[in-house]
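With the hints as a guide, dock the two chains, each given alone in a separate frame, to form the complex.
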Amino acid sequence: MNLDVNTSTSNVSLTSRMLRRGPLEAIATTIIAAGVVMLMQPFFLTLYSWSFAVTLFGTVMFTIVSKVRE
Amino acid sequence: MNDLSTSSQITYQAVPIRPGTIRRIRGLSDQALAWLFITPTIVLLLAINIFPLVWTIYLSFTNYRANRANAPTIWLGADWYQSILTDPDIWAAMQVTAHFVVWTVLIETVLGFGLAFLIDKKFRGHGLWTTIILLPMMLSPAVVGNFWTFLYQPQIGLFNYVVAFFTGREASSFQMLGDVTLSPWAIVIVDAWMWTPYVMLICLAGLRSIPDYIYEAAEVDRASNWRQFWSITLPMALPFIMLAVLFRGIENFKMFDMVNLLTGGGPGSTTEVASITLKRAAFESWRTGYSSAFAIILFVTVFGLANIYVKALNRVKSR
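Protein chains in written order, with our numbering: chain Y, 1 to 70; chain R, 1001 to 1319.
A couple of the hints might just be wrong.
[To be verified] Below are the DSSO-like pairs computed for lysine-lysine, each with C-alpha atoms no more than 27 Å apart in a straight line:
no.	chain 1	residue 1	chain 2	residue 2
1	R	Lys1311	R	Lys1254
2	R	Lys1311	Y	Lys67
3	R	Lys1254	R	Lys1279
4	R	Lys1122	R	Lys1317
5	R	Lys1121	R	Lys1317
6	Y	Lys67	R	Lys1317
Note that these hints are calculated values from the structure, not bench results.
With the rest of the complex left out, here is chain R (with noise of 0.2 Å):
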């Protein structure tokens, strides 16, 4: 054994790798080996996303159609900007996605935030029912799409029996996905019942961040648990909490397979979201000069906001 290791070392010693040799021998720099590593990302990210982008953009200022590929284009400028931006029908779009975003944002804040702020005690069983809380997040949005659609059904949905249970309404006198008036509402609850989780795991990050000396200071000095909460819990929540509200808000804006597996958009056009608009226009009527456009006014909006949600990010990161 020993003989082995001295072996061992004897060869180690006899050719020893200096730093830089392996460099000279294949004569690339420093800088030359990381452009290596790092070109196949940069070329994947320009042909899978900048390339994209740009030839969109080019294409919203043209007649192009996607299904007469072959037929000539003409430059049309902002023609189809001008179309869309004075659009009443692409602005009761908006005015839908509006709806949806701002319901589903409140109610999602107003529950995780609720949520976070009672796991947050501690209670017996706290990890277990956060685990059980976290799970509809957990679910691909197709699924929960197609399970909510069995949940609504008037005839052997249980979402109505459990509604016809409390008010005393017939189960099957209204329809969730069919009716004008509550459609809108019902992709509100299933979006509510997916992502109040991840809003709860954020306002809990939050109030786990907050020091307990802080509440003990408070106690010192004879603090309600109103005035710690409003005056503690509440500001020092509050980065994590416009995190959230961010976060979610710019997915819901962009919002299109709950829509699209729960109602297509109908009945009549009352759930049709812009990203459902988008994608009739592209794949439906394909007009893909006019869908291109009308898709870079929503990556401008999202990008937008984007930038606002980064810079929430660092304020929290700076805490």
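Bound conformation, chain Y alone (with noise of 0.2 Å):
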């Protein structure tokens, strides 16, 4: 009993740490900075075809993420 109260405390206490707008953000940025790479890079054509979405879909998570609370 008291094992299963210390697990849903502490999903709850991590769910409440991750979010916010501080780390969300930063998962947004890293993820809009890897398609902004994979648009540039000279190595792989398929990272190139997918930078696109990559980037897209990092901006648009910015855009959500920068209006959740702090």
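Laid out in structure tokens, this is it:
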């Protein structure tokens, strides 16, 4: 019983810790940067093909999470 | 004089303007008044920013050609996007853009920070030197492009003579703008010459924002100049450097005017950056739908980078 309660509490705190603007913005920023790198890298055409989708996803995510509470 | 002031006072007291009188007369609330003032701006913004963007997004899914505006428009879905994102020529243009962005940003950041570090020392005549260093930034890109075209002339250009003086090569033996290997570097040199002062300004603002007492405390702790640079100067100026890097990165990703004036994308396609490819598709091949899709891809990339830029700017502001 105690174990269940502790697990639940830690889950809630982890969720509340993750669903804050700072970490989410950092994730979105990383995705955008990855998309830009994929767009301009000279090594794999497949990465170039997926770059737009990745950048778009990161940009939409950034726009949404910038409205999340601090 | 006394009579006059007395009479004006009497007049003022006789007709007092109570708060809200004008509002009641016109029948406008504060919110309505605010909307009245802001509406022209919103209309202008919608007309020149939002509508073209929405229209471009629509066109990017069609076969529309601006030179055949009356031809029937066919919905193509994401065909243009698929075509662009699997085209090795566009990929090559992106790599040319990457070469240009990476080298210009790197050179401008290193030189800009170095110059800012020197100017921050406040030596004799540093104000005059700051003004001289800032001059290239104040020129129009069209002017810069034209006079660097003359400087790069193999027969009469000053640049070739300076290189010949230091290397011993014949001045007319190489063409900065006509050589496949040299032309990308020719553009990098011009952009670095023009925009290093801008990076210097931002870095200088960062260096001037570091309080003196931190250096005084470091002196007390007998920290060497080298140690002070790595532990105080660089970390505290880093957000400003990041800001400069992002801003120059975004600007150079969109670079068109300078490249168009200096090489026009040539020789061959060695300096054909993404914006030149876009211009050729839009206004030489008249593939409006295709170029709209390409423009949207570039726009999303720049918008994404701008988000990172704004985040970095907020971090600098919070300091």
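Hint by hint, here is what the structure shows:
For the proposed pair R:Lys1311 and R:Lys1254, the alpha carbon gap of about 20 Å is at most 27 Å, so the pair holds. Note on R:Lys1311 and Y:Lys67: the hinted pairing holds, with a Cα-Cα distance of about 13 Å set against a maximum of 27 Å. Taking the CA atoms of R:Lys1254 and R:Lys1279, the gap is about 12 Å. The hint holds against a cut of 27 Å. Distance check on the hinted pair: R:Lys1122 and R:Lys1317 sit about 25 Å apart at the alpha-carbon level, within 27 Å; holds.
Distance restraint check for R:Lys1121 and R:Lys1317: the Cα-Cα separation of roughly 24 Å lies within the 27 Å cut-off, and the hinted pair is therefore satisfied. Distance check on the hinted pair: Y:Lys67 and R:Lys1317 sit about 19 Å apart at the alpha-carbon level, within 27 Å; holds.
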